[in-house]
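Residue-level listing of the chains:
There are 2 protein chains.
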Amino acid sequence: MSDRADQFGCDFRPHFKTHQSHEIGRWIRSAGVNGITVSSVSMGHYFSEDGWDDITIAFPFYRGMLPELIELEKQASLRLFLHQPGQVALLDKELSNPFKFYIEIDAGYGRSGIKHDDYNSIDEIIRASEAAKHCQFHGFYIHDGGTYSARNREEIRHSIEASLDALLKLKEAYPQAKISLGDTPSASISDDLSQLDELTPGNFVFYDWMQVQIGSCTYDDPALFAILPIAQQISPDKAIVHGGAVHLSKDTIIQNNVRTFGQAVMFGDKQTNPIEGSFLSALSQEHGTLSGFMPRQMKDYVVICPIHSCLTANLFTYFVTPSGKRIEKRIGS
Amino acid sequence: MSDRADQFGCDFRPHFKTHQSHEIGRWIRSAGVNGITVSSVSMGHYFSEDGWDDITIAFPFYRGMLPELIELEKQASLRLFLHQPGQVALLDKELSNPFKFYIEIDAGYGRSGIKHDDYNSIDEIIRASEAAKHCQFHGFYIHDGGTYSARNREEIRHSIEASLDALLKLKEAYPQAKISLGDTPSASISDDLSQLDELTPGNFVFYDWMQVQIGSCTYDDPALFAILPIAQQISPDKAIVHGGAVHLSKDTIIQNNVRTFGQAVMFGDKQTNPIEGSFLSALSQEHGTLSGFMPRQMKDYVVICPIHSCLTANLFTYFVTPSGKRIEKRIGS
Numbered sequence: 001m002s003d004r005a006d007q008f009g010c011d012f013r014p015h016f017k018t019h020q021s022h023e024i025g026r027w028i029r030s031a032g033v034n035g036i037t038v039s040s041v042s043m044g045h046y047f048s049e050d051g052w053d054d055i056t057i058a059f060p061f062y063r064g065m066l067p068e069l070i071e072l073e074k075q076a077s078l079r080l081f082l083h084q085p086g087q088v089a090l091l092d093k094e095l096s097n098p099f100k101f102y103i104e105i106d107a108g109y110g111r112s113g114i115k116h117d118d119y120n121s122i123d124e125i126i127r128a129s130e131a132a133k134h135c136q137f138h139g140f141y142i143h144d145g146g147t148y149s150a151r152n153r154e155e156i157r158h159s160i161e162a163s164l165d166a167l168l169k170l171k172e173a174y175p176q177a178k179i180s181l182g183d184t185p186s187a188s189i190s191d192d193l194s195q196l197d198e199l200t201p202g203n204f205v206f207y208d209w210m211q212v213q214i215g216s217c218t219y220d221d222p223a224l225f226a227i228l229p230i231a232q233q234i235s236p237d238k239a240i241v242h243g244g245a246v247h248l249s250k251d252t253i254i255q256n257n258v259r260t261f262g263q264a265v266m267f268g269d270k271q272t273n274p275i276e277g278s279f280l281s282a283l284s285q286e287h288g289t290l291s292g293f294m295p296r297q298m299k300d301y302v303v304i305c306p307i308h309s310c311l312t313a314n315l316f317t318y319f320v321t322p323s324g325k326r327i328e329k330r331i332g333s
Numbered sequence: 001m002s003d004r005a006d007q008f009g010c011d012f013r014p015h016f017k018t019h020q021s022h023e024i025g026r027w028i029r030s031a032g033v034n035g036i037t038v039s040s041v042s043m044g045h046y047f048s049e050d051g052w053d054d055i056t057i058a059f060p061f062y063r064g065m066l067p068e069l070i071e072l073e074k075q076a077s078l079r080l081f082l083h084q085p086g087q088v089a090l091l092d093k094e095l096s097n098p099f100k101f102y103i104e105i106d107a108g109y110g111r112s113g114i115k116h117d118d119y120n121s122i123d124e125i126i127r128a129s130e131a132a133k134h135c136q137f138h139g140f141y142i143h144d145g146g147t148y149s150a151r152n153r154e155e156i157r158h159s160i161e162a163s164l165d166a167l168l169k170l171k172e173a174y175p176q177a178k179i180s181l182g183d184t185p186s187a188s189i190s191d192d193l194s195q196l197d198e199l200t201p202g203n204f205v206f207y208d209w210m211q212v213q214i215g216s217c218t219y220d221d222p223a224l225f226a227i228l229p230i231a232q233q234i235s236p237d238k239a240i241v242h243g244g245a246v247h248l249s250k251d252t253i254i255q256n257n258v259r260t261f262g263q264a265v266m267f268g269d270k271q272t273n274p275i276e277g278s279f280l281s282a283l284s285q286e287h288g289t290l291s292g293f294m295p296r297q298m299k300d301y302v303v304i305c306p307i308h309s310c311l312t313a314n315l316f317t318y319f320v321t322p323s324g325k326r327i328e329k330r331i332g333s
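Chains as they are written, first to last, in this note's numbering: chain A, 1 to 333; chain B, 1 to 333.
Among these hints, one or two may not hold up.
Heads up, the list lumps identical chains together, so a pair's fine if it works in one copy or across two of them.
[Claimed, not checked] Think about it this way: if two alpha-carbon atoms lie no more than 27 Å apart in a straight line, the pair counts; the simulated DSS-like pairs of lysine-lysine are:
{"#": "1", "residue 1": "K93", "residue 2": "K325"}
{"#": "2", "residue 1": "K93", "residue 2": "K299"}
{"#": "3", "residue 1": "K270", "residue 2": "K178"}
{"#": "4", "residue 1": "K250", "residue 2": "K238"}
{"#": "5", "residue 1": "K250", "residue 2": "K329"}
{"#": "6", "residue 1": "K133", "residue 2": "K329"}
{"#": "7", "residue 1": "K115", "residue 2": "K299"}
{"#": "8", "residue 1": "K270", "residue 2": "K93"}
{"#": "9", "residue 1": "K329", "residue 2": "K238"}
{"#": "10", "residue 1": "K238", "residue 2": "K115"}
{"#": "11", "residue 1": "K299", "residue 2": "K270"}
{"#": "12", "residue 1": "K270", "residue 2": "K171"}
{"#": "13", "residue 1": "K169", "residue 2": "K93"}
{"#": "14", "residue 1": "K115", "residue 2": "K74"}
{"#": "15", "residue 1": "K74", "residue 2": "K270"}
Note that these hints are calculated values from the structure, not bench results.
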């Protein structure tokens, strides 16, 4: 992903919410990354403790963040998401060091951000920053969650068009602004993102079964798995495994008209292969129901590729590599 | 709940997977409870560290549990869930202290357990235990998750009938067996459970919005809430809050044909009141979308009654009481 960002001439500021691990962060630092993106101030603190000093808090600013931000600005240069002129004035007063901010744009996904054509609001915020001492408008950011409903490369490309258009129009109106895009599908497969200034994908570090279905990666790319003990064989095509919502979270994907909570895979010598028709069909707190084809080798445990690796990783207190090495991570939300 | 168990003459062995907290466990101990139920061996270890020495591991036994069980039996009398005669022989050999076991029964819910009318399998397991040294057959256990689809007291009563019938028939066939039931809805509202020997509900310790909808409790009963900062007002009836899947998990309930990830409530002097039509309509990793009516008092934060308190509690590293006291809990799965 770092190479792709280089190829497009984009600044690569990956989102670290997926792994939440100092050690994995260091792997990424060794690829030349200096600036990172996180989804909460406390996650920012966690990474500043490991020496990261250029951190974007990719969540709409609210007043309750202030006490933690005042601590964090002592350790790191901050980039914040502001959506009201009053926030510019407040932070200019409360923070002591220079900081940058993005205006998050909603180009149709409909989560957070200012509507892409609401120039009045955008103008007001930027004007407020021109009077400020510490605070510098940096650019526009879009997380296009719409690409998550794509199911092939063509649909990803199509789905991202509205976001790209919005960012390019904004850049025309505000030529000093950097434009930044955050989703893993388009960062993974777009042929050309060279019009963007920054890329901030996060999920790519592990990928997952949803990204395979979207078309962001192949089934050999995911790098996070849950190895679940098989506890009780109910019938030839149904077993209870020790792996529930407290291990995998409950994100699902509909595949062949069936709701799936995780895909069974087999580790091969050279690649990981999905076991066709073998998946988690239900989860309660600790129980998972494994359904479908169960090859003979699948006796004591099943390897599950999670639907949404960000949420699965968040539920564990550490990772283990294939060679048995334990990788620590952040605990708690 | 302890009073209800007394009233029915049942042994009360509550499930501790909902709170996962030493301190809350002590409140329950002070009500006279001695035996508890947990959903994993590591959760059993956590509670044995606080002096609990009579612990049911309410999850189908599998061989991978053994190393941890061998440690745990040094601290606590165990009750296990066995479903194969070979497991009786294995544990009789591997464990050093006497232990009891349940045969978990599936009376139609279709998760784990042996089918209620599969007398061959049941006979085989019990016969195996008669030859064993350490191992004593204790009784039959049903978790009737079917009550979770009920939407009033009548439906809960109706939904539990198959489970009660199955347990009573098994008791007729095996008069020495204790019969044990695990779900919160029927433990909360059934008029008479005196035919049962044991009650093991767990969720009742907090209840949640799903239990309100089921009819297990009223909207004033839930005791676990997430207080979420309001980050960005998108429109008069839509706001982004800092509270996502890493805080609430993603269990949902359909209410008035709309999928709900959490219900907004208002703390009153005497009771907690739901704010009609105000709820979380979407969750991503850190973002929640609050939809509907937002009273003027709801400015900086919203109080959310979670859909499924077990999963929400599991995601936090501690609780805070209304008076500001911090209550520690178990971390990790």
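Hint-by-hint comparison with the structure:
{"no.": "1", "hint": "K93 to K325", "result": "neither (46 Å within a copy, 32 Å between copies)"}
{"no.": "2", "hint": "K93 to K299", "result": "between (62 Å within a copy, 22 Å between copies)"}
{"no.": "3", "hint": "K270 to K178", "result": "neither (41 Å within a copy, 52 Å between copies)"}
{"no.": "4", "hint": "K250 to K238", "result": "both (19 Å within a copy, 24 Å between copies)"}
{"no.": "5", "hint": "K250 to K329", "result": "both (21 Å within a copy, 22 Å between copies)"}
{"no.": "6", "hint": "K133 to K329", "result": "neither (37 Å within a copy, 44 Å between copies)"}
{"no.": "7", "hint": "K115 to K299", "result": "between (53 Å within a copy, 22 Å between copies)"}
{"no.": "8", "hint": "K270 to K93", "result": "neither (57 Å within a copy, 40 Å between copies)"}
{"no.": "9", "hint": "K329 to K238", "result": "neither (33 Å within a copy, 34 Å between copies)"}
{"no.": "10", "hint": "K238 to K115", "result": "between (48 Å within a copy, 14 Å between copies)"}
{"no.": "11", "hint": "K299 to K270", "result": "within (22 Å within a copy, 55 Å between copies)"}
{"no.": "12", "hint": "K270 to K171", "result": "neither (45 Å within a copy, 54 Å between copies)"}
{"no.": "13", "hint": "K169 to K93", "result": "neither (32 Å within a copy, 73 Å between copies)"}
{"no.": "14", "hint": "K115 to K74", "result": "neither (33 Å within a copy, 62 Å between copies)"}
{"no.": "15", "hint": "K74 to K270", "result": "neither (46 Å within a copy, 44 Å between copies)"}
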